[in-house]
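Visitor: From first to last, the protein sequence lines are chains A and B. Here the first sequence stands for residues 888 to 1158, numbered as in my numbering. Here the second sequence stands for residues 274 to 537, numbered as in my numbering.
Some hints here could point you the wrong way.
Stated by the list, open to error - Sample of chain A residues at the chain B side, in silico, Cβ under 7 Å:
| # | residue |
| --- | --- |
| 1 | Ser-992 |
| 2 | Asn-1036 |
| 3 | Ala-1043 |
| 4 | His-1044 |
| 5 | Asp-1046 |
| 6 | Gly-1052 |
Keep in mind that the hints were calculated from the coordinates and are not lab data. Glycine is no exception: its CB is placed at the ideal position from the N, C-alpha and C atoms.
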Amino acid sequence: MDLEPFMLRALLAALFLGPLCGFIGVFVTARRMSFFSDTVAHAALAGVALGFWLGLADPTVPMVLFSLLIAGLILWLRERTDLLNDTIMALLLSGSVALGMVILSLLKGFRGELDRYLFGDILSVGWSDVWLALGALVGVGSVLLLRLNALALMTAHADLAHVSGVPVRGLNYAFVGLLTLTVALSIRLLGIILVTSLVVIPPAAARNLSASLRQQILLSLLLGILGAGGGVALSYPLNLPSGPCITLTLATLFIGSLVASRARRPARIAP
Amino acid sequence: MDIAFRPQRSASIEVRDLQVSLGGNPVLRGVDLRIEAGRMVALIGPNGSGKTTLLRCLLGLQQPHRGSIRLLGEGPPGPRLLRRVGYVPQRLQLDPSFMLTVREFLAIRRPGTAGWFWRPSRFVDDQLHEAVAEMDVTRLLDRPVAGLSGGQLQRVLICSSLLNEPELLLLDEPTAGVDTPGEEDFYGLIADVHRRRGLTVVLVSHDLSMVYRHASRVYALNGVICCEGSPDEVMNAESLKRAYGIHFTPYHHHHHHTHGGHGP
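Same shape as in the complex, but just chain A (with noise of 0.2 Å):
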């Protein structure tokens, strides 16, 4: 079968985003801050608006800058204020949408935009896309891997981390970095709305399945390549948003990780 053009790059971004945020995901849910990843998501269709309003042609760049500034934001009122951390990402994350639905609807003509942007599409991923989610891949994967000893002790235990020697603030503005650019990314093929579900539904079905922590990253590794692939697959025959096909097909991933888990407990696979 021929691969169209188009489709060759969405299924390239899709083999490449995939496992990165499978691997990013296992500590964002251990860390528990999938919120944190929705909000910085939704904060990037202001970063689009924003885009669209300065006339480019390609919305990644104020995309991207939006959602980290957003990520600072967070950071800085966490450290500032004693607002709890739900309430200070709930005023963003509804903020950044508000804000970017109100320059949107200044605009003309950008109605058609918005869904590919809120749900994801395979038409929108260009060559630049495809080289940077395998630039994302490359270097946010490459921090992950030299730091897995220090992040896996700061997921555990933040002050124990400190004491034995883990720059623990320097390291956890990082990976708030990181991830942002990861989820920021992600956004062509996931859409703003169900990007967060390519970060989270990976580690979650690979816990249904491992015995350790190893097993669990290249479960959930092989779990992204197979849910962003196959969505992105499906997408096109069935003439659908990339971004619901993705979630489903991670959905689907996850209830058969459970039914595994089920009929094969208490024995488990071995480390």
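Since the structure of chain A is already known, use the hints to place chain B on it.
Guide: Positioned in the frame of chain A, the structure of chain B alone reads:
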């Protein structure tokens, strides 16, 4: 050099006039503390007495507003000195969604890159082996850390802190999650480690009863060190009774203990 800091016997912890306020409330109001090397001691105090704050200062997690700390006779707690200190927290913040096993937890405590991830069979070396046997956690190695009982987790935490051969071991409420029958075994285990390795052990706790059996010296904290001495001296001190309130009744031990808290 300050003359008051000159050691009679080398000190593991020297704290002078330590003052910390949190949110405008003075929590530590001039703590003076000297813990000699090689002892097993208890730092006790009721809730709100500043135990946690003092511990955080000792670990470099909290900056004091006034006063000084010297660890291991060298200086304030910094990254290099803290490498020679073992810290055993009350519990981990682990979410059950994180499948970290005990074996992996011990492996990530080692500095450097994650060899365990690439070659999972290759990281059990002699040093790991020794601490694992010492704390009796061999059976737990492949269990997820998030699923351990309080007592099992404490043994794992101590085991992991022994991996870099600390000279000072700080335990925060070590039996908070341990059931009563398990407590005695647990302190026995710590006392064995203390004896065998000759390190300084500081038990930070609000639990007075353990003091009798396991510490050779007790420091009672209530914003300041309100009294210090042998367990018997401290338990009968008026200042301790005031610190804990009038309903305080000390634990009475019936038998002379066979293990625990004698300094080397």
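Visitor: Of all the hints numbered above, which does this structure not satisfy? Sort the numbers upward.
Guide: Hint 1 alone not satisfied by this model.
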